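S.K.: This is what each chain is made of:
Number of protein chains: 2
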Amino acid sequence: MSNATDIPFATTLLVRDTCLCLHAQRAARALARLFDDALRPAGLTNGQFSLMMSLNRPEPPPMGPVAKLLAMDQTTLTAALKPLQRRGWVEVFPNPRDKRGRLLRLTPEGMRVLTAALPIWESTHAALEKTLPEGNAERLRQDLQALA
Amino acid sequence: MSNATDIPFATTLLVRDTCLCLHAQRAARALARLFDDALRPAGLTNGQFSLMMSLNRPEPPPMGPVAKLLAMDQTTLTAALKPLQRRGWVEVFPNPRDKRGRLLRLTPEGMRVLTAALPIWESTHAALEKTLPEGNAERLRQDLQALA
DNA sequence: CTAATTTCTATTGATATCAATATATATAGT
DNA sequence: ACTATATATATTGATATCAATAGAAATTAG
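Keeping their order, the protein sequence lines are chains U and E. Per the working numbering, the very first residue in the first sequence carries number 1; after that it's consecutive. Per the working numbering, the very first residue in the second sequence carries number 1; after that it's consecutive.
Everything labelled a hint here was simulated from the structure, so no lab data went into it. Just so you know, these numbers come straight off a predicted model, no measurement behind them. Note that the Cβ used here is the ideal one computed from N, Cα and C, for glycine as well. Each statement offered as a hint is correct.
Cβ-Cβ distance ranges computed for the label pairs, FRET-style: (1) E:PHE93 with U:GLU138: 45 to 51 Å; (2) U:ALA127 with E:PRO62: 30 to 36 Å; (3) U:LYS99 with E:PRO62: 54 to 60 Å; (4) U:ARG112 with E:SER123: 48 to 54 Å.
Using the sequences and the hints, build the whole thing.
M.R.: Quick look at the structure:
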């Protein structure tokens, strides 16, 4: 039996079909699984791959900018670094220019892991793009960029 | 000092700029924060809102199809239901037609919470769409759909 | 009909995510 | 210099995410 507080089923369908947040979470989960599966032999998840790749810079970056680049909360970055530090793939060390801060860098072993993962990313990404109609990938990147 | 295993910085920039998985994770995190913030007064996260809204159906659905709709692992759904069951917003009960399975339904209190959250979703989503160029939202939905 | 296989869900363990909060250092205002 | 404010990061607690695994029931092969 319905009552006045019920939400019409049509409204549910509308929310499901139009919610950009839901669509983004769905796509993010699906792509995460795709890349997690592909990168598993390299010992990395998609997030660890992105994080470590973002540390491959001429100068070790502080945590804040890295968190912003990945569009994640700073506390998430702190947590995400833990397993990478534990495995000896990333070093976190004091910033001599700002005693509040810390800088991040790949260790040589971390670089080896990342180097081994790179061709996996390349082939996985190429295969993914091939499933999309010509031009959609670039358009999608731009549209996603506008949200993050 | 560089060595033969180093990844060129230009490669890092290429991965950062082109990786659809990274772009999707970034956008998903940003949108999750946006809707989590907006829905907080209603006591829901974006994921809880989407899950509860997906349970507003004529017939209580089994878990499998709900997990598929949300493009999440079935174990994730089991876990996500826990806090909602604890608060008395969702009921999980045996499927009389399949003794392996369980069916999901909103409680009356859960329906009230969802009803209170709906206008928040509507205004938040309308504001979000207004920040996007005309037509981009629909295009983005279709592009995201192709990935999930 | 029985055995093998598949399907549906739960549990455990590891990681990811963020809010709330706390601490230390830097910067700005006076 | 001193004080107030802002910035950079860490910790805790709750929830989210999935792999690996396991159990129970349904389905299929024979």
